[in-house]
Amino acid sequence: MTAYIIRRILWQIPVLVIVGLLTFTIARMTPGGPFDTDPSRRQLSPRVEAVLREKFGMDLPIWRQFTRYMFFDLVTDPKTGERRILWGAIGGNFGPTYASRGARTVQQELFGSRGGKPSRFYYSARLGLQALLFAVTIGVPLGVLAALKQNTWIDYAALFASTFFVSLSTLIVGFLLVIIFATWLPWFTVIPDWNEPIRPWILPTVALGATSLGFITRLTRSSVLEVKRQDYVRTARAKGLGDRLVIWRHMLKNALIPVVTVLGPLAAALITGTLYTEIIFQVPGMGQLLVEAIGKRDYSMIMAGALIFVFFLGMANLLVDIAYGIIDPRISYK
Amino acid sequence: MPVRNWRGTVASVLLCALIVPILAACGGAPAAQPTTAPAATTAPGQPTTAPAATTAPAGNAQPGVLRLNIGSEPDNVDPQKASFVVEIQFIMMAFQPLMSFDRDMKPIPAAAESVAVSSDGLVYTFKLRPDARFSDGEPVTAQNFEYAWRRLANPETAGEYQSLPCGIIKGYSEYSAAACEGLSVEEALARDQDELLANFGVRAIDDLTLEIELTAPAPYFPAMAALWIGAPARQDLVERGEDWWYDAENYIGNGPFVLKEWDHGNRAIWAPNPNYVGPLGPVKLKRVEYYMITEGQVAFQAYQNGELEILGVAPEDLATVQSDPQLNQQIVNTVGSCTFYFGFNTKKPPFDDVKVRQGFAQAFDREAWNRDIFNGLGSVAFTFIPPGFPGHQPDLKLWEFDPQAARATIAESSYGGVENLPEIKLTYSASARNNARFEWIANQLKQNLGIDAVLDPVDPTAFSALTKEDPPQMFSLGWCADYPDPQNWISLFQTNGLLSTRVGYSNPEFDELVRQADIEQDPVKRLQLYNEAEKILITDAPIAVTRNDGGPVLVKPYVQGVTEETITPIDYWLGFFNLPNVDVQP
Numbered sequence: 002m003t004a005y006i007i008r009r010i011l012w013q014i015p016v017l018v019i020v021g022l023l024t025f026t027i028a029r030m031t032p033g034g035p036f037d038t039d040p041s042r043r044q045l046s047p048r049v050e051a052v053l054r055e056k057f058g059m060d061l062p063i064w065r066q067f068t069r070y071m072f073f074d075l076v077t078d079p080k081t082g083e084r085r086i087l088w089g090a091i092g093g094n095f096g097p098t099y100a101s102r103g104a105r106t107v108q109q110e111l112f113g114s115r116g117g118k119p120s121r122f123y124y125s126a127r128l129g130l131q132a133l134l135f136a137v138t139i140g141v142p143l144g145v146l147a148a149l150k151q152n153t154w155i156d157y158a159a160l161f162a163s164t165f166f167v168s169l170s171t172l173i174v175g176f177l178l179v180i181i182f183a184t185w186l187p188w189f190t191v192i193p194d195w196n197e198p199i200r201p202w203i204l205p206t207v208a209l210g211a212t213s214l215g216f217i218t219r220l221t222r223s224s225v226l227e228v229k230r231q232d233y234v235r236t237a238r239a240k241g242l243g244d245r246l247v248i249w250r251h252m253l254k255n256a257l258i259p260v261v262t263v264l265g266p267l268a269a270a271l272i273t274g275t276l277y278t279e280i281i282f283q284v285p286g287m288g289q290l291l292v293e294a295i296g297k298r299d300y301s302m303i304m305a306g307a308l309i310f311v312f313f314l315g316m317a318n319l320l321v322d323i324a325y326g327i328i329d330p331r332i333s334y335k
Numbered sequence: 084m085p086v087r088n089w090r091g092t093v094a095s096v097l098l099c100a101l102i103v104p105i106l107a108a109c110g111g112a113p114a115a116q117p118t119t120a121p122a123a124t125t126a127p128g129q130p131t132t133a134p135a136a137t138t139a140p141a142g143n144a145q146p147g148v149l150r151l152n153i154g155s156e157p158d159n160v161d162p163q164k165a166s167f168v169v170e171i172q173f174i175m176m177a178f179q180p181l182m183s184f185d186r187d188m189k190p191i192p193a194a195a196e197s198v199a200v201s202s203d204g205l206v207y208t209f210k211l212r213p214d215a216r217f218s219d220g221e222p223v224t225a226q227n228f229e230y231a232w233r234r235l236a237n238p239e240t241a242g243e244y245q246s247l248p249c250g251i252i253k254g255y256s257e258y259s260a261a262a263c264e265g266l267s268v269e270e271a272l273a274r275d276q277d278e279l280l281a282n283f284g285v286r287a288i289d290d291l292t293l294e295i296e297l298t299a300p301a302p303y304f305p306a307m308a309a310l311w312i313g314a315p316a317r318q319d320l321v322e323r324g325e326d327w328w329y330d331a332e333n334y335i336g337n338g339p340f341v342l343k344e345w346d347h348g349n350r351a352i353w354a355p356n357p358n359y360v361g362p363l364g365p366v367k368l369k370r371v372e373y374y375m376i377t378e379g380q381v382a383f384q385a386y387q388n389g390e391l392e393i394l395g396v397a398p399e400d401l402a403t404v405q406s407d408p409q410l411n412q413q414i415v416n417t418v419g420s421c422t423f424y425f426g427f428n429t430k431k432p433p434f435d436d437v438k439v440r441q442g443f444a445q446a447f448d449r450e451a452w453n454r455d456i457f458n459g460l461g462s463v464a465f466t467f468i469p470p471g472f473p474g475h476q477p478d479l480k481l482w483e484f485d486p487q488a489a490r491a492t493i494a495e496s497s498y499g500g501v502e503n504l505p506e507i508k509l510t511y512s513a514s515a516r517n518n519a520r521f522e523w524i525a526n527q528l529k530q531n532l533g534i535d536a537v538l539d540p541v542d543p544t545a546f547s548a549l550t551k552e553d554p555p556q557m558f559s560l561g562w563c564a565d566y567p568d569p570q571n572w573i574s575l576f577q578t579n580g581l582l583s584t585r586v587g588y589s590n591p592e593f594d595e596l597v598r599q600a601d602i603e604q605d606p607v608k609r610l611q612l613y614n615e616a617e618k619i620l621i622t623d624a625p626i627a628v629t630r631n632d633g634g635p636v637l638v639k640p641y642v643q644g645v646t647e648e649t650i651t652p653i654d655y656w657l658g659f660f661n662l663p664n665v666d667v668q669p
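Going down the list, the sequences are from chains A and B.
The first sequence: position 244 = 245 (the working numbering), numbered continuously.
The second sequence: position 460 = 543 (the working numbering), numbered continuously.
It is possible that part of the hints are untrue.
Within a straight-line C-alpha distance of at most 25 Å, the following computed DMTMM-like cross-link-like pairs (lysine to aspartate or glutamate) qualify [claimed, not checked]: (1) B/K551 to B/D594; (2) B/K551 to A/E50; (3) A/K118 to B/D346; (4) B/K438 to B/E495; (5) A/K56 to B/D275; (6) B/K551 to A/E55; (7) B/K253 to A/E50; (8) A/K118 to B/D330; (9) A/K56 to B/E264; (10) A/K118 to B/E332; (11) A/K56 to B/D330; (12) A/K118 to B/E372; (13) A/K118 to B/E322; (14) B/K210 to B/D605; (15) B/K343 to A/D194; (16) A/K56 to B/D326; (17) A/K56 to B/E269; (18) A/K118 to B/D326; (19) A/K56 to B/E325; (20) A/K56 to B/D277; (21) A/K56 to B/E552; (22) B/K639 to A/D194; (23) A/K118 to B/E344; (24) A/K56 to B/E322; (25) B/K210 to B/E221; (26) A/K56 to B/E257; (27) B/K369 to A/E197; (28) A/K56 to B/E270; (29) A/K118 to B/D219; (30) B/K438 to B/E592; (31) B/K551 to A/D60; (32) A/K56 to B/E239; (33) B/K369 to A/D194; (34) B/K343 to A/E197; (35) A/K118 to B/E325; (36) A/K56 to B/D319.
Stretch by stretch, here's where chain B covers chain A in the computed footprint (C-beta under 8 Å, at least three residues) [said to hold, decoys possible]: (37) 90–104; (38) 171–182.
Simulated from the structure, these hints should not be mistaken for lab results.
Cβ atoms here follow ideal geometry from the backbone N, Cα and C, with glycine treated the same way.
Just chain A, same shape as in the assembly:
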């Protein structure tokens, strides 16, 4: 098992390098650059732009810009002439952000404390986990219930609600929540006070979790329905086992495999920041920063966004695979 986990983690490295290379290539192929700003404001003079390009190492050969970002580079201090190694992404350095004119690094922006407040990663990760928890704790029981009571009003109601949530985007659910609970009802404010421990988290968690909730409910339902008709369930019942035992030991364990499978990518996506929820509820998370980076051509932030997502995706999938082994003893890893 341990060997398996180590092997999986090592496999992440080539994956990350390839993703980095792809992102780098596409980002650089896209026309425009970080110093091309809105034409209706003062433009950088060409010489100032040259200074900034030099500062960000954009005057180097393109392959060296990539290796500098991903691995390391030898840099010379312009004043003292000293040479030293500058570590790249493998050393945890995702480079200075172009938006801050190089004053702050990507890791500071994403993982550093925001002037005494928790980091942006904290906000995104906490929101994502809460939403996931919300979706699973409601979605799985609802799906099981709907499947067990197939073709009753419970099933129809659950089906309707889940279809409703799946079809609505987070954007719309978010606005609906704001209008209902902050504008019509005085329970929340449109501008959240993030100094409060719980209140500002409630609406974004519900908005973000709603789509996943619908999805998980539907998946659980269909999965349980399939298992319900399997021979071993009939056998179990024929043996005279009670309902509870059949459901818990024979049905659920098998039905949950597909649900657990989707949880991996879902968790990675929710944790690394979600644009609309963050915008509507003014969550100081990573999603907005990463999306804006595309428009600003903030190359280091774009690269970091892709690498961090892939890293979390790989980790989440590993956890899912380990969870298989726990749920289903037939699956084992060597």
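Guided by the hints, dock chain B onto chain A, whose structure is given.
Just chain B now, with coordinates in the frame of chain A:
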């Protein structure tokens, strides 16, 4: 039907496709658009639909507390590095440069108590206020300002406005050789730094006297000395690290407000600076809260809910606001500091012919443009310098709308007539809003000149690069004031100037007038020279000026000091709407 050309967007789509799984959405991302004027406080492009809750609750307004949305988190508020409006709004809350502006946008002493200029116009002597202190109690000295200007010029600082004083302050170009003379940073730093600094024109004579020596008379220098780039950042704080400004406790200045708390990406809280002395104030507010809400619809809800006191209105929201009996009463119209225009690349046919350019300038219905597309928010413009700014010429209206005359003018060109013109391509920065606008423009060209223009939308950032590297045949651009002086407008069209290169414009007669005007010390004569130069510029028509910005801002009735009479186009400088003059009394 105009044909759309999707060249150049494929890579953007690919990039989005790759990042998309992380973010759940791509195209809907708010463009990284800097706010350009006070009117742009809402995130662009989101029409407000729900006029919900017109029964605006009393809200939780408190006396002396002003809450407003600045629309995005400033990425860097270091005075010697920043350049975006939202960043300037931050800097000018906490800092006070040597000069400021009065209601007529004339430079007045601010951190300086008085300013004197030598008879040859070369040496400015600033006497600082003896009782001035930073918000932490440290005295404000001439050395602070000397440090700030040196830091701006230092190639290592690499600020975006470092090239502004090139060739104006003595010794600046030599020291800031990377930005001014085109050296690499390494080469610039290899020069003898001590010698360069010894010849640097900004000198602290004693604790309260600062002398700035220029290379040539520059009557616009006092206005430049009011810019954020010369704000007295303190050496002891700056040396705490490149992002010294990130922590509120390091952000100490001599301005009217003190940054109390900065919850990045969420809000910033300001209190009046008890140590402030200067022409602004005395500050009436007890507290100012800046919010960074990027989505205009959310900010609109917050305003309706009584959680914001001031809100910019996007053109798309205007109808909603005007039809609401309550909101309608809360509109305050602001004038902007920007001019928008079509640039004609004079190096590319058919705009290499002045008659064609003039014809196009005549064929554009500016009234309809401003009315149909902008709901009459801004004003129609015929000159480059906007109304309210020194040098504005209200009577210069060369190319008023006249389709008949436009066709006749084009017939006089070397092309002989509209029908002989090569294909006209309208290249623009693609967005839902711009797509509609350029369809409208194409329709204008069809109606007024019988031209079938090809629409050519490109990705916004790519468009920006394009206007610099290979300016399209015809494109739309804007320019916003850095400081209220004609030099900041007209002189940019000198041969190889910042704006003339975009359109390939060069006219020796124009250059000579501008050269004279820039050093003329008699203000009346100087203005005349700029006026003449502007007339040549508009006649040569490398650009066709279309409109000035401006627009409504919603202001709660209990806010005092934000009215059409009291605000000027550059008030965003003083925080926001000249905040030291504002009060809130619910």
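Each hint tested on the structure:
At most 25 Å may separate the alpha-carbon atoms for a hinted pair to count; B/K551 and B/D594 meet this at roughly 21 Å. Pair hint B/K551 plus A/E50 holds up; C-alpha atoms about 12 Å apart against a cutoff of 25 Å. Restraint check for A/K118 and B/D346: satisfied, since their Cα atoms lie roughly 7 Å apart, inside the 25 Å limit. A hinted pair counts as satisfied when its Cα atoms are at most 25 Å apart, and B/K438 with B/E495 qualifies at roughly 7 Å.
The hinted pair formed by A/K56 and B/D275 meets the criterion: a straight-line CA distance of about 21 Å does not exceed 25 Å. Between B/K551 and A/E55 the CA atoms are separated by roughly 19 Å; this keeps the pair inside 25 Å, and the hint holds. Between B/K253 and A/E50 the alpha-carbon distance is near 23 Å, which keeps this suggested pair within the 25 Å criterion. Under the criterion of a C-alpha separation no larger than 25 Å, the hint pairing A/K118 with B/D330 is consistent with the structure, at around 11 Å.
For the given pair, A/K56 sits about 17 Å from B/E264 by alpha-carbon distance, which is consistent with the 25 Å threshold. Annotation: proposed proximity of A/K118 to B/E332 holds, straight-line Cα distance about 14 Å (limit 25 Å). In summary, the hint linking A/K56 to B/D330 is supported, as the alpha carbons are separated by about 24 Å, within the 25 Å threshold. This hinted pair checks out: A/K118 and B/E372 have alpha carbons roughly 17 Å apart, not beyond 25 Å.
A hinted pair counts as satisfied when its Cα atoms are at most 25 Å apart, and A/K118 with B/E322 qualifies at roughly 23 Å. For the proposed pair B/K210 and B/D605, the alpha carbon gap of about 24 Å is at most 25 Å, so the pair holds. For the suggested pair B/K343 and A/D194, the alpha carbons sit about 16 Å apart, so the restraint of at most 25 Å is met. Note on A/K56 and B/D326: the hinted pairing holds, with a Cα-Cα distance of about 16 Å set against a maximum of 25 Å.
For the given pair, A/K56 sits about 10 Å from B/E269 by alpha-carbon distance, which is consistent with the 25 Å threshold. With a C-alpha separation of about 16 Å, the suggested pair A/K118 and B/D326 falls inside the 25 Å cut-off, and the hint holds. Between the alpha carbons of A/K56 and B/E325 the distance comes to roughly 13 Å, so the proposed pair stays at or under 25 Å and holds. Straight-line distance between C-alpha atoms of A/K56 and B/D277 comes to about 23 Å, which keeps the hinted pair within the 25 Å bound.
Distance hint between A/K56 and B/E552 is fulfilled; the C-alpha atoms sit about 21 Å from each other, no more than 25 Å. Our distance criterion of 25 Å between C-alpha atoms is met by B/K639 and A/D194, whose separation comes to about 22 Å. Pair hint A/K118 plus B/E344 holds up; C-alpha atoms about 10 Å apart against a cutoff of 25 Å. Of the supplied pair hints, the one linking A/K56 and B/E322 holds, its CA atoms being roughly 19 Å apart against a limit of 25 Å.
Distance check on the hinted pair: B/K210 and B/E221 sit about 18 Å apart at the alpha-carbon level, within 25 Å; holds. The suggested pairing of A/K56 with B/E257 holds, with an alpha-carbon distance near 20 Å, which does not exceed 25 Å. With a CA separation close to 23 Å, the supplied pair B/K369 and A/E197 stays within the 25 Å bound. As the CA atoms of A/K56 and B/E270 are separated by approximately 13 Å, the hinted pair is consistent with the 25 Å bound.
Between A/K118 and B/D219 the alpha-carbon distance is near 23 Å, which keeps this suggested pair within the 25 Å criterion. Between B/K438 and B/E592, the direct Cα distance comes to roughly 19 Å. Compliance with the 25 Å bound is thereby established for this hinted pair. A threshold of 25 Å between alpha carbons decides the hint, and for B/K551 with A/D60 the separation of about 18 Å falls inside it, so the pair holds. Our distance criterion of 25 Å between C-alpha atoms is met by A/K56 and B/E239, whose separation comes to about 9 Å.
The hinted pair formed by B/K369 and A/D194 meets the criterion: a straight-line CA distance of about 19 Å does not exceed 25 Å. For the hint pairing B/K343 with A/E197, the CA-to-CA distance comes to about 18 Å; that is within 25 Å, so the pair holds. The straight-line distance between the Cα atoms of A/K118 and B/E325 is roughly 20 Å, inside the 25 Å bound, and the hint therefore holds. Note on A/K56 and B/D319: the hinted pairing holds, with a Cα-Cα distance of about 24 Å set against a maximum of 25 Å.
Given as covered by chain B, the segment 90–104 of chain A passes the check, having 6 residues with a CB less than 8 Å from a CB of that chain where 3 are the minimum. Coverage of the segment 171–182 of chain A by chain B holds [criterion: at least 3 residues with CB-CB distance below 8 Å; count 5].
Of the numbered hints stated above, none is contradicted by the structure.
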